[in-house]
Amino acid sequence: MEVGKLLSKCWFIALVSLAVGVPSTFVGLSLVWRSVTPSMLLEGPLTIQLIFWIGLFTSCGGYIVSITCLLLAFGPRHVVEKGHFLAPEELVRAGYEVTRRNGSFDVRVAKYSVLRVYEGESTFRCLPTSTALWTIVILFLTFQLAALAFPIALYVHHRCWKRLDDITAEVSGDITPIEREVEDMVRDSLMGAYLLAREAADFRWSEFHDHVLILVVLALVSWTVLLVLSASDMFADRSLLGFALGTLVIAAVTLTGAFVLRERSRMDVEREERWAERLLSALRGEDGVGSPIELLLCACHQVPRWLSAHRKAMWLREPGKTLLIFILFNLGVSSFLQYDSIWWGFYLFGLVCLISGLFLLSSMIISARFESREMAREWERRIGEMDSLLEPGRGR
Amino acid sequence: MMDRPDLYVVARILERLWKEPEPMLRTRLQVAVGTNYDVFSRYLEWMCGRGMTCLVEEDGHQKVLLTDEGRETYRRIVVWINETVHGKMG
Chain A
1 MEVGKLLSKC WFIALVSLAV GVPSTFVGLS LVWRSVTPSM LLEGPLTIQL IFWIGLFTSC
61 GGYIVSITCL LLAFGPRHVV EKGHFLAPEE LVRAGYEVTR RNGSFDVRVA KYSVLRVYEG
121 ESTFRCLPTS TALWTIVILF LTFQLAALAF PIALYVHHRC WKRLDDITAE VSGDITPIER
181 EVEDMVRDSL MGAYLLAREA ADFRWSEFHD HVLILVVLAL VSWTVLLVLS ASDMFADRSL
241 LGFALGTLVI AAVTLTGAFV LRERSRMDVE REERWAERLL SALRGEDGVG SPIELLLCAC
301 HQVPRWLSAH RKAMWLREPG KTLLIFILFN LGVSSFLQYD SIWWGFYLFG LVCLISGLFL
361 LSSMIISARF ESREMAREWE RRIGEMDSLL EPGRGR
Chain B
1001 MMDRPDLYVV ARILERLWKE PEPMLRTRLQ VAVGTNYDVF SRYLEWMCGR GMTCLVEEDG
1061 HQKVLLTDEG RETYRRIVVW INETVHGKMG
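From first to last, the protein sequence lines stand for chains A and B.
Under the numbering used here, the first sequence has 323 at position 323, and the numbering climbs by one with no breaks.
For the numbering used here, count along the second sequence from 1 and bump the result up by 1000.
Calculated directly from the structure, the hints in this document are not laboratory data.
On a predicted model such as this, the values are computed, not experimentally measured, just so you know.
Careful: at least some of the hints might be erroneous.
To be verified - One side of the interface only, derived from the structure: several residues of chain A facing chain B at Cβ under 8 Å:
#1 Ser189
#2 Thr224
#3 Val289
#4 Ile293
#5 Leu297
#6 Leu390
Glycine included, every Cβ here is placed at the ideal spot set by N, Cα and C.
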């Protein structure tokens, strides 16, 4: 008889996060409460002080609890206890959305939950989808709502484990390794190429969204600067003309930029979608597609472009690291803004966060560049092999 | 005689013959592959010279048969494609 566990994984993570977050916030704030409380509040009525303290405690505690929970929920790798994962192609056929990665693949098991399966290791990680991740990032950016990231992370984690059982149950039967025949390999290649093309199209869209987001953030920053610069003029001569003109220029540049980016991305996306459609038609054995082998040989020349689209989509490729960079930058900037007004320790903390964020971002960009160069070299060698495929007696 | 055959055309011929368990009529194969007769004849001659295919006479018709060498070449192309698509470039 199977003995039930005292606590489920979700409850364990929730309790540990609270056990770490609540006391450490309490201890931390009680040590610095005089420094962080504005002097005007210290002299004010007790009720106001109490409201300030509850707000500060909820926000700081929310950050610590949520960060602990995120690390526990999405950090560790878990081992599959029974059965094995299906191959990515089989999961696609079973109706799952699968994204290939280097040495692993992501399976979307629920609306906001993704399982990252590490090939050849029988291990996996629970991760949020990009939508869930963006929600968490936005909550982190709003100081007061950071605590809401805690239940979201728990929900995503819970859904991952719930759907994992379904997948392992599907594959718990006897799987005997059989040598794949040539026909199977052709089908497998068509499916692999189709997935690559499909994902490349998705990544191109995601890249477009990333660029538009950067553009909007830049526009907002410019508008804020404009507002600060023209505030004195507005109060002095009560004229809004300069400010209105500036706003119009910023809006026009942003809209034009977004339109140009959209047109550029649209062509790339359409090209990848055409490839995906052709490969899917060949996979389904539709008439008029031509020779699958010829199609695959042509598709092989597109593989570097598809892989590079995958590498460029930094947000989707390494969501955990990207989230950490966002958090570090946000904490850094917030701490800098509070310097002078509250406590000098914030300045040092902000500096450490900014430097760490910058270091992580640089390492991601540099490693992606090295990877690209390495892949281009390997690719040239690989394409060189194409000519020797027709040489007799060339064994593998 | 060809110096450097187009891999795409050879692959198409091999693929068509692979699917056919019996020797295939020369003209039927040409139509299936979708090349003109001159080009097809040159490729077939080259492939016969390399031992990938051989010509057999059946019922007064010339038919094309895939040899073991041809099967091995086709398998090699398929394995190469499979590894390339799955990014196994090591």
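Review point. Going back to the hint list, which numbers does this structure go against?
Key: 2, 3
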